[in-house]
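Single-letter residue listing:
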Amino acid sequence: MLEEKPKELNLEDPSRLALMTLLTWGTRCSFFLCLTGLVVMTWTAPPVSVGELPTIGDCELACWKTPGAAIILAGIISLIMVSAGRLILTTIMYLKAGDKVFSLLSIFALVLVLSSTLFAFFGW
Amino acid sequence: MEVLLILVLVSFAAGFIGVLTGVGGGIILIPVMVGILDIPVHLAIAASLVSVTANSLSGGSQFLRTGSVNIRLAILMSISALIATLVGVLLSKVVGGRVVTAIFALMILLTIWVMFKGRKDSFVDVKDSDPLALKLRLPSWYIPSTDGLKVEYGVLKVVPAIGIMAFAGLSAGLLGVGGGFIQVPVMDRVLKLPIKVSTATSNFMMGLSAAAAALAYLALGDLHPLIAGPTVVGIFLGSRVGAGVAPRIHSKHLRWLFLGLLLVMCAQMIVKVILWK
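Keeping their order, the protein sequence lines are chains F and Y. Whatever position you read off the first sequence (first residue = 1), add 1383 for the working numbering. Whatever position you read off the second sequence (first residue = 1), add 13 for the working numbering.
Be aware that one or more of the hints could be misleading.
Quick partial rundown of chain F residues pointing at chain Y, CB under 7 Å, derived from the structure [as the list claims (entries may be wrong)]:
#	residue
1	W1408
2	L1421
3	V1423
4	L1436
5	I1455
6	S1461
7	A1480
8	S1486
9	S1489
10	L1493
11	V1494
FYI, nobody ran anything at the bench for these hints, they're computed from the structure. Cβ coordinates follow ideal geometry from the N, Cα and C atoms, glycine included.
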C-alpha cells in the first residue's frame, strides 16, 4: 500500500473562495428572483383555486405567460446555472493545480448536467 | 392567492423539518403535494428537484468554509450519479405516474429504515485507504469543530461506492428527491468517511443531480411556475429558520415524530396508488 500524504487542502485558494462567493450570492439572487416573481403573480395573475391543481399542468407553454412566471423562470434557471457553474470553477481549480484527470472529470460532469436539455426533443 | 400561500407554507414546513431531521425536503414535499393537494406527480417531482437544488446550494458555502466537502470525491461519484439521473428522468416518463408514486412509497419505507439504523462516527486512517483512493488523492482533512484543528481521514472501497451512487442519481431523476438517504450511508459505511464529510460531500453531489434532473423536467415541460416558485421560496426560508432553531431543539424527540409522519405519508401514497384514476 502506498504511503502518501493527502494533498494539502488550501481553504484560501482563490478558486475555492470564488466557489463560496458563487454559492452565497448565486442562491440569494435566485431566491429574490423567485420571490419577486411570486409577488408579481400574487398581485396580478388570475386566481387559482386548490381544486384546479390536478389539471394545472394542462396549460403547457401558456403557463409561462402568467404574470410573474418569467421572473420565476429566471430564478430557477439561475439556480441551475449556479449549480452547474461550480463545475466550471472546479475545472479551473484543478487545471491551475495541474490535475488534468479531475479537470476532465469536472468538464464531463458539466456536459452531463447540460445534456439534460436534450430532453426538450421529447417534450413540448 | 390561497394556492400560493399553501404551497409556500407546505414548502416552509418541509425545509424546516428537513433541516432538523437531516432528511431532505423532497421526501416531505412530494407526498403532501401528490397525496393531499392532488398535484400531478411529475409537476411535484420537478418542483421538488428545484427545491433540492436550492437547499443544496444554500448550505454549500458553509461546508466549503470548514473544508468538509471532499470535492474530488464528489466529482468522481457524481459522474455515475448524473448518468443514472438522466436514466431516471427517462424512466419516470416511460413508467407513468402510478408506478412512480408506488416506488416513492417504497422509498419512504427505506428512508424510515435508514433513519432507524442511525449513524455512528468512525473513519479510517489515511494510510489504510484504498489504493485507488490514494492514486486519485481522495484522502483529505477537514476541520470538525471551532478549535480549528485539522483531522485527516482515509477513503475505502471507491469502486463499489461509485456503483451504489448510481442509485442515488436514479432516485433524483425518477422520484425528485436529493438521494441523500443513499449517499450519506454509502459514504459513512462503505467509504468510511467522517459523518460531517459524508453530509457535506453528499450535499455537493445532490445539487448537481437535482439541477440536472430539474433542467430535464423543465425541458420536458413539467416545471410549472405556480408550483416551483412558491416551493423554492418556502424551502429556502424554512431551511434557514430550521438551521437557526436546530441547536435549541432535542432532535431525538423530533426524529420519532417525523418517523410517524413519514409512515402516515407512506400510507397516503399507497392509498393513492390503489385508488389511482
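message = I'd like to know which numbered hints this structure contradicts. Please list them from smallest to largest.
response = 1, 3, 6, 7, 8, 10 and 11
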